[in-house]
Amino acid sequence: MQHIGDKVRRMMALKEVKQSDLAARLNLSQQSISRILNKSKIEADLMDQIAKALEVEVEDIESLDDRLATVFYGSVTNTSNDNVVFGSQYDVTFEGGKGVMMELVERLIELTRKLEEKNHEVNDLKESREKLQQELNALKKK
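Numbering (UniProt numbering), first residue to last: 1 to 142.
Just so you know, the hints here were simulated from the structure itself, not pulled from any lab data. These numbers come from a predicted model, not from an experiment. Be careful, since some hints might not be right.
The calculated lysine to any residue pairs, modelled on SDA-like cross-linking and capped at a C-alpha distance of 25 Å, are [as the list claims (entries may be wrong)]:
no.	residue 1	residue 2
1	LYS118	LYS141
2	LYS15	GLY5
3	LYS52	LEU132
4	LYS52	GLN19
5	LYS15	ARG129
6	LYS52	LYS114
7	LYS18	ASP48
8	LYS126	GLY99
9	LYS118	SER128
10	LYS131	GLU103
11	LYS18	LEU28
12	LYS15	MET47
13	LYS41	ASN27
14	LYS15	LYS114
15	LYS18	VAL122
16	LYS15	ARG35
17	LYS18	GLU57
18	LYS114	GLU16
19	LYS118	LYS41
20	LYS140	ARG129
21	LYS141	VAL122
22	LYS41	GLU16
23	LYS52	SER29
24	LYS41	ASP6
25	LYS18	LYS41
26	LYS142	HIS120
27	LYS41	GLU55
28	LYS131	GLY99
29	LYS141	LEU111
30	LYS118	LYS140
31	LYS114	LEU136
32	LYS39	GLU55
33	LYS15	MET101
34	LYS52	GLY5
35	LYS140	LYS114
36	LYS52	SER63
37	LYS118	GLY99
38	LYS140	THR112
39	LYS18	GLU103
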């Protein structure tokens, strides 16, 4: 059985919170957070504070299980024509922690949207570069 410190560490990773950030939110030292994360059991009042600092429920942390919280976001690859492709295939299985699940889905949607925006920017830059190259070639011929 995974101890609670590992589950807190995993939730921090999911929420992209560093030890130093959590320490600041709880008004503790980073070393104190490190000691807490190495515990197999954490007092209920401290768990409440940690959950609040991570903006989740204590149950969300307690229900985390590496075998049940596997998320495959796909991959970003560079194809032969330099277009960025996002593999949207993902598999999410979760028991409990619906709040965390919804946040992960929302984050996936947001990241996919940002990736699409970046792809449009890349394509616009390629078109601009092509036009500039054509203008440069035309000037060289004169």
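Q.
Need the status of pair LYS52, LEU132: alpha-carbon distance at most 25 Å?
A. Not satisfied, since the Cα-Cα distance of roughly 53 Å exceeds 25 Å.
Q.
Against the 25 Å threshold, does the CA-CA distance of LYS131 and GLU103 hold or violate the hint?
A. Distance of about 42 Å is beyond 25 Å: violated.
Q. Holds or violated: are the alpha carbons of LYS114 and LEU136 at most 25 Å from each other?
A. Between LYS114 and LEU136 the Cα gap is close to 33 Å, so the pair fails against 25 Å, i.e. violated.
Q) Does the structure keep LYS141 and VAL122 at a Cα separation of 25 Å or less? A) Given that 25 Å is the threshold and the Cα spacing comes to 29 Å, the pair is violated.
Q. Regarding the pair LYS118 and LYS140, is the alpha-carbon distance no greater than 25 Å?
A. 33 Å, violated
(Q) Need the status of pair LYS114, GLU16: alpha-carbon distance at most 25 Å? (A) 18 Å, holds
Q: Compare the distance between the alpha carbons of LYS41 and ASN27 with 25 Å, and conclude whether the hinted pair is satisfied.
A: 20 Å, holds
Q: Sort out whether ASP6 lies within 25 Å of LYS41, counting only the CA atoms.
A: This hinted pair holds, its Cα atoms lying about 10 Å apart.
Q) Given the hint that LYS142 pairs with HIS120, does the C-alpha gap stay at or below 25 Å? A) 34 Å, violated
Q. Can the restraint linking LYS118 and SER128 be considered satisfied, given a maximum Cα separation of 25 Å?
A. 15 Å, holds
Q. Within 25 Å, alpha carbon to alpha carbon, are LYS140 and ARG129?
A. Satisfied, since the Cα-Cα distance of roughly 16 Å is no more than 25 Å.
Q) Under the criterion that the straight-line Cα-Cα distance not exceed 25 Å, is the pair LYS18, ASP48 satisfied? A) Roughly 18 Å separates the two Cα atoms, so the pair holds.
Hints 1, 3, 5, 6, 8, 10, 15, 19, 21, 26, 28, 29, 30, 31, 35, 37, 38 from the list above are not met by this structure, while the remaining hints are.
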